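Each protein sequence line maps, in turn, to chains A and B.
Read in order, the letters of the first sequence are residues 1 to 603 in this note's numbering.
Read in order, the letters of the second sequence are residues 1001 to 1353 in this note's numbering.
I should point out that these hints are in silico values taken from the structure, not numbers from a laboratory.
Check before you lean on any hint, since a few could be wrong.
DSS-like mimics (lysine-lysine), calculated; alpha carbons at most 30 Å apart, straight line [stated by the list, open to error]: (1) K1193(B) with K1278(B); (2) K1059(B) with K416(A); (3) K1078(B) with K416(A); (4) K391(A) with K256(A); (5) K1023(B) with K416(A); (6) K438(A) with K1059(B).
Every value quoted in this text rests on a predicted model; they were computed, and no experiment measured them.
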Amino acid sequence: MSSTNDFAFKIATVNGTGSASANTLVMQSIFRMGIPVTGKNVFPSNIQGLPTWYEVRVSGDGWNARRQEIDLVIAMNPETYAKDVAAVRSGGYLLYDSTWPLPSALERDDINIIGVPCGEMCVNAFERDRDRVLLRNIVYTGALAALIGIDTDIIDALLTEKFSKKKKLLDANFKAVRLGYDYAAKHYECPLPFSLSPLNKTSGHILMDGNTAFGLGAVFAGATVGAWYPITPSTSLMDAFTAFCKKYRTNADGTKKYLIIQAEDELAAAGMVIGANWAGARAFTATAGPGISLMQEFIGLAYYAEMPAVVVDVQRVGPSTGMPTRTQQADLLACAYASHGDTKHICLYPSDPAECFTMAPMSFDLAETFMTPVFVLSDLDIGMNDWMIPKLEWDDSYVPARGNVLTAEQVAEISKWSRFHDTGGGIPSRTLPGSGGKGAFFTRGSGHSLSGAYTEDSAEYQAVLDRIALKFKTAEGAVPKPEFHGSGDNEIGLVALGGTRGAVIEAMDRLESQGVTCDFMRIKAFPFGPEVTEFLESHDKLFVVEQNRDAQLRSMIAIETGTARDKMIPVLDYAGLPLTPAVVVDGVRAGLGQTQQLAGVQS
Amino acid sequence: MTSIAKPPVKHPGLPKNGLGLTKRDYEGAMSTLCAGCGHDSVTAALISAFWELDVPPHKAAKMSGIGCSSKTTAYFMKQSHGFNSVHGRMPSLTSGANAANRSLMYIGISGDGDSLSIGLGQLCHAIRRNVHMLYLIENNGVYGLTKGQFSASADVGSTAKKGEANQNAPIDPILLALTLGATFVARSFSGDKTQLVPILKAGLRHNGFALIDIISPCVSFNDHEGSTKSYKFTREHEVELAPVDFVPLRKEISAEQKDAGGVTSVSMHDGSVVRFRKTPESYDATDRNTAYTHVKECHDRGEIATGLLYLEEGSTSEMHTLNKTVETPLVDVPYGELCPGSGALAELMGEYR
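Given the sequences, and given the hints that come with them, work out the whole structure.
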């Protein structure tokens, strides 16, 4: 089986040994050859010494979902040889570091084995221990370049950009690339039956992860305060916000137009965000599931006291500590209905880093317009992996929607004003502290009347709660509408949200080739608007694809739209890795009675 | 029931402050606390302090958590914005508000349950962060709203209303704050307005986190024989260690006054002066170790040390100072100065290829 620009390979290494930079180098090189490429990092919750994998899919057609079938495994970690040998598809290839021989028990007759003595060559070529360890990664990169046809001029150019100020290191890297390349070229037939051929499909595109994109988007949205507590996989989001603020918001005299607080915990981070929004700043936090659990109390306060707040949840695998470095969509219910009492929250579901960027200003606009917390539910796959996305663009005519906030001039003219009265669509108005005594009000999480006064009167309490419900209904018209694929006339409708988009679209394509034609609705936000209901009603058979065990999206749809659960067949994947199209194809076919195989945990 | 507004009665003869406002202009809603509650005396002292300092009410922000003490933010300065939040979380809320708008005067009112149990972590970190705010602990050693449980500040052996004695060691907010590097630490007594008002004024002018622990007896659940937070016990055991006068910047300070017998002066960030009166010679309120030792020794003798116990002169660790935040409050920085714009984004994209 030979193919060009359509294969997947996986690199097995040990974390903390410099393999991450080599992985990026490989991915960037392919991208610069104009070939669409996707990289998925499968890494341990550990600093150094545990196994880590990097899966790269090359697709000239631009498919970006994770691929289950691996054509080539680069096995650089003897600890995981058994697992890595087993991962190669029949007829595929294994590249391993022959410095440490492959135990014969692990050899397979149905795959091709390529030995490159990366470690040994490094020991012979480099003096320093550190170089010998780090450059081993560059040696296999060189070998890989020979085997699959990566343009070494591009590798050299990338290395030069990276080490332009460190001549010695640059030369060592060049040498390491050659060692691997020459060895593979001399001892094996290159390229392999699957290889790269330059295309022109990546111009106008970039490689970026979602955490970087949201951090950047928050700067463009005008956020000035960030509060957070370190937690995988969201940490790099606030790191990115910090770096971009430093770059774009620091005056010549060193003074800063931002303040980022590393809080003592997620409770405090949420409190800081709400306090800053109360005072009139755009403020946000980024966290993951355990942080969402801790923030519940404050989320309820912001909901009931009607304060804006943006909370990014970069979802990881739960429950509890779960698997911090794996991906899932299992916080859907925890966010949509966060906190005790009757609560419902606006949620946005970006599908890739590009949407993380555009949904940043959107989340602040919604939070301030509706004076309520807004959740942005990203996940580890979107947040921490580099995705090929169109270059980000900014419309300079954007004006932040700051909501119905009275100006100091309006406050000065107040004769009678009350904080919680409906000014239209259930949305009240507010004043900022410092804007004038006539607009002063008391913000409280205790029972209050429409005027903001403390109350234990049933009717006064209900009047406020009912208006907040009306406000949530109004938000249906303001949140982004779903994205639709397919003719719309099919009986079968697929429903999903977030980063599974690519896998579902690819599955549709495969199903079509198998005679099953579907429509697809990707939900972008909660509350669901009439467009969502219409799709649900116009399809006889629905498949709800999601990455959690309990079919949380299906539950939300049933609760909010009244769609019969029987009509919605769950297609679930909660193993912690990015979704593959195969899971969707199998799930749909099983649901149609076409196979006996049930969708579930993927291998 | 709803909160009770006070009738707007005019008293034309009332004295006015520098802004032309009377003390009535600094009042709030009617207190719903028990008659004789120490917290109401603190509220009255706060009204005096803000009035005497000519603070425009709308430039102050009143922050609180949950509990009897936290309710009192409604009872003064109705023209200030207030935020009665969730239990023990006022420090984080205030940190965020202060981050966004550094031009307001933040006063946080908490209690011993709110600060020393459920909110202990937030208190500690607001101190470490040196958030510019006045932080009051209205300390009565008891949970009043839930009818009389011990709080974390109750002394060992102190008894509850029904007689059982507390056996757990207390958390002393003063010793805690000194340990954590607080830059302004004071203790007072709600029944001693003469001492409390100048301390409140100094605390409001401190450029950083000013902690004042105020023994404020609970008349319903902790004002009996056997309580160490009662009016009687506090009056009998209070040792005024570091009494002060506060001289705001606008008043002229003469050299004589400054070093008159037994009086030492400490300059505040804005040029105001705190003058310590009658302080024992061995006591140096600008030395953290001295303060710690004295407070501890008093406590061991069963005494309550009061006064402005510690003040870090020339402190530069306030949150915005450390961050180098622009002087303009972040809420007032125009959006145009915050958004890098399309050109910058286009240029940045080159780094992601």
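Satisfaction of hint between K256(A) and K391(A), Cα-Cα up to 30 Å: The hint holds at about 28 Å.
Pair hint K1193(B) and K1278(B), alpha-carbon separation not exceeding 30 Å: Within the cut-off at roughly 18 Å; holds.
Is the straight-line distance between the alpha-carbon of K1023(B) and that of K416(A) 30 Å or less? OK: K1023(B) and K416(A) at ~24 Å, within 30 Å.
Could you grab the alpha-carbon distance between K1059(B) and K416(A) and see if it respects the 30 Å cut-off? Between K1059(B) and K416(A) the Cα gap is close to 21 Å, so the pair holds against 30 Å.
Are the Cα atoms of K1078(B) and K416(A) separated by 30 Å or less? With a Cα-Cα distance of about 15 Å, the restraint between K1078(B) and K416(A) holds, given a limit of 30 Å.
30 Å Cα cutoff - pair K438(A), K1059(B): 12 Å, holds
Every hint from the earlier list agrees with this structure, and none is contradicted.
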